[in-house]
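Under the working numbering, the first residue of the sequence shown carries the number 5, and numbering increases by one thereafter.
Hints are computed from structural coordinates only; laboratory data are not their basis. Here the structure is a predicted model, which is why all the values come from computation and not from measurement. Heads up, a few of these hints could be off.
List time: in silico DSSO-like cross-link candidates among lysine-lysine, alpha-carbon distance up to 30 angstroms [to be verified]:
id	residue 1	residue 2
1	Lys-16	Lys-37
2	Lys-53	Lys-6
3	Lys-6	Lys-16
4	Lys-6	Lys-37
5	Lys-79	Lys-106
6	Lys-58	Lys-37
7	Lys-53	Lys-79
8	Lys-6	Lys-79
9	Lys-106	Lys-16
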Amino acid sequence: MKAYQAGIAEGKLDPNDTQVLGISVDSFAANAKFAEENGLTFPLLSDFKREVSKLYGVLNEEYQFAMRTTFVIDKNGIIQYIEEGNSAVDPSGAIAICTRLKQEPR
Numbered sequence: 005m006k007a008y009q010a011g012i013a014e015g016k017l018d019p020n021d022t023q024v025l026g027i028s029v030d031s032f033a034a035n036a037k038f039a040e041e042n043g044l045t046f047p048l049l050s051d052f053k054r055e056v057s058k059l060y061g062v063l064n065e066e067y068q069f070a071m072r073t074t075f076v077i078d079k080n081g082i083i084q085y086i087e088e089g090n091s092a093v094d095p096s097g098a099i100a101i102c103t104r105l106k107q108e109p110r
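Produce the entire structure from the sequences given, and follow the hints as far as they go.
As structure tokens, this is what we get:
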């Protein structure tokens with residue numbers, strides 16, 4: 005999450021053209037504490053009932069946690085990019101896709 009915050013701060017994720025959201029199965033209170041401790045300025049949403057995690061196929065049903073995943077969804081609601089696992093904390097792939105999408109004719 006800190007790397008995504010850095011991408012925003014460095015202008016690599018244009019807030020006028022890109023919406024960054026964090027979604028966690030943690031509570032609202034836990035997300036607020038995490039955001040404050042890590043200096044995050046983008047919204048962290050709570051998926052406490054695990055509905056979003058299940059819909060996006062990232063919920064570990066056995067242990068009820070969401071697997072670390074990054075999605076880039078375009079303005080038409082189409083998933084353009086998915087990064088799973090530990091590498092999902094590195095925003096470079098998402099930044100590259102966002103840059104490409106921004107340059108495409110609208």
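Hint-by-hint comparison with the structure:
no.	hint	result
1	Lys-16 with Lys-37	25 angstroms, holds
2	Lys-53 with Lys-6	25 angstroms, holds
3	Lys-6 with Lys-16	14 angstroms, holds
4	Lys-6 with Lys-37	14 angstroms, holds
5	Lys-79 with Lys-106	10 angstroms, holds
6	Lys-58 with Lys-37	24 angstroms, holds
7	Lys-53 with Lys-79	26 angstroms, holds
8	Lys-6 with Lys-79	24 angstroms, holds
9	Lys-106 with Lys-16	11 angstroms, holds
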